[in-house]
Amino acid sequence: MTDARTVLLDVVKDVLERFAFMFVEVEGAESALAGNGDGLRATIQFQGKQNGTLTLMAPKGFCQEMAANVLGIDPGQVVETTGQDALKELTNVVCGTLTWSLFGDREVFHLSVPSVATVPMSEAAAVLAGENGVALMVEGQPLLANVSIEKPTG
Amino acid sequence: MAYNVLIVDDSAIVRTVVEKTLRLSGCPLGEILQAENGRVALDRLKDHWVDIVFADINMPEMNGIEMVSRMAETGMLKTVPVVIVSTERSVTRIEELRAKGVRAYLNKPFTPEEIKKILEEVLGTSQ
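Which chain is which? The protein sequence lines are A and B, in order. Following this note's numbering, the numbering of the first sequence begins with 11 at its first residue and continues without gaps. Following this note's numbering, the numbering of the second sequence begins with 49 at its first residue and continues without gaps.
Only chain A is shown next, with the shape it has when bound in the complex (with noise of 0.2 Å):
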């Protein structure tokens, strides 16, 4: 396991309990993933030391619930649209999080506005290639990371 995937393990882990309480039960979850059904897929991009982009994907049940969980309020009261704005922030506080422990806390990273779209969860094996993917379950569902890191110029 790369230096990379061992802190971006990490960092998912830490936020997703500390943003939206929910715990990872199953590391290297690869074998179980899903191919059925619609996901969403978040993406930013950071500029700094090194530049980079950072990768979420998630059913769009588990985005869903994951804003019930943020918001404190039932899932069924969670529109598509705050299901996407969750994994847009959550993808937001893991990139600020990643390149602060990646690079040291003197390092100024700026990051985009993330984005999502809607893809097929069969898409999966696309978001884990390169060295850095982690596919965890939580709450019985998959979530996927992946960050790609361009090589220091100069």
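If you're looking for bench data, these hints aren't it; they were derived computationally from the structure. Take the hints with a grain of salt, since some may be wrong.
Result set (DSS-like, lysine-lysine): computed pairs, CA atoms no more than 27 Å apart in a straight line [claimed, not checked]:
#1 Lys59/A / Lys23/A
#2 Lys68/B / Lys94/B
#3 Lys126/B / Lys164/B
#4 Lys23/A / Lys68/B
#5 Lys164/B / Lys23/A
#6 Lys161/A / Lys59/A
#7 Lys126/B / Lys148/B
#8 Lys165/B / Lys148/B
#9 Lys68/B / Lys164/B
#10 Lys70/A / Lys68/B
#11 Lys59/A / Lys148/B
#12 Lys94/B / Lys126/B
Facing chain B, from chain A, some residues (calculated, C-beta under 8 Å) [stated by the list, open to error]:
#13 Arg28
#14 Thr53
#15 Leu81
#16 Pro85
#17 Val89
#18 Gly106
#19 Trp110
#20 Leu121
#21 Ser125
Derived Cβ-Cβ restraints for the label pairs, each shown as a range [as the list claims (entries may be wrong)]:
#22 Thr127/B / Val17/A: 40 to 46 Å
#23 Val89/A / Ala50/B: 40 to 46 Å
#24 Ser125/A / Glu161/B: 40 to 46 Å
#25 Glu162/B / Lys59/A: 24 to 30 Å
#26 Asp20/A / Thr140/B: 20 to 26 Å
For glycine and all other residues, C-beta sits at the position ideal for the given N, C-alpha and C.
Use these hints to put chain B onto chain A, whose structure you have.
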């Protein structure tokens, strides 16, 4: 004394979380206003007096830094304290923000106790 608060963030879920956390903090609150970016926040501030602003950095149309700069150029708004609520936790970045007039910095995610401490520090109150 109840405090009027303006929450500025492009994420509706974050604005809701900040408001909910403020209410859980036990601090006396008056009107709580929301805005989805710096431009809308400045519009709100034209006809509403607030005691403190909680603002994100990264927002479309007008980000939190530009909003703070505009407030510093605008009569009475320069005295309204701004607390940045963000995930960008670099010490260098926080020093830069303080130099621009930002009064305090709150890392996401945060607790009611943390937001209460910030309110007490910035507004000079103790509950």
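Evaluated hints:
1. Lys59/A / Lys23/A: holds, 25 Å
2. Lys68/B / Lys94/B: holds, 25 Å
3. Lys126/B / Lys164/B: holds, 23 Å
4. Lys23/A / Lys68/B: With Cα atoms ~23 Å apart, Lys23/A and Lys68/B stay inside 27 Å; holds.
5. Lys164/B / Lys23/A: Distance of about 26 Å is within 27 Å: holds.
6. Lys161/A / Lys59/A: holds, 10 Å
7. Lys126/B / Lys148/B: holds, 11 Å
8. Lys165/B / Lys148/B: holds, 22 Å
9. Lys68/B / Lys164/B: Given pair Lys68/B, Lys164/B holds - Cα atoms ~12 Å apart, limit 27 Å.
10. Lys70/A / Lys68/B: Given that 27 Å is the threshold and the Cα spacing comes to 24 Å, the pair holds.
11. Lys59/A / Lys148/B: holds, 23 Å
12. Lys94/B / Lys126/B: Distance of about 13 Å is within 27 Å: holds.
13. Arg28: Interface hint status for Arg28/A: holds (5 Å vs cutoff 8 Å).
14. Thr53: Nearest chain B Cβ about 14 Å off; hint violated.
15. Leu81: Nearest chain B Cβ about 6 Å off; hint holds.
16. Pro85: violated, 14 Å
17. Val89: violated, 10 Å
18. Gly106: holds, 2 Å
19. Trp110: Hint holds; Trp110/A Cβ to chain B Cβ min 5 Å, cut 8 Å.
20. Leu121: holds, 6 Å
21. Ser125: Ser125/A check fails; min Cβ-Cβ to chain B is 11 Å, beyond 8 Å.
22. Thr127/B / Val17/A: 40 to 46 Å: Holds, since Thr127/B and Val17/A (Cβ atoms, about 41 Å apart) stay within the stated range.
23. Val89/A / Ala50/B: 40 to 46 Å: violated, 32 Å
24. Ser125/A / Glu161/B: 40 to 46 Å: violated, 33 Å
25. Glu162/B / Lys59/A: 24 to 30 Å: holds, 28 Å
26. Asp20/A / Thr140/B: 20 to 26 Å: holds, 23 Å
Of the numbered hints listed earlier, those contradicted by the structure are 14, 16, 17, 21, 23 and 24.
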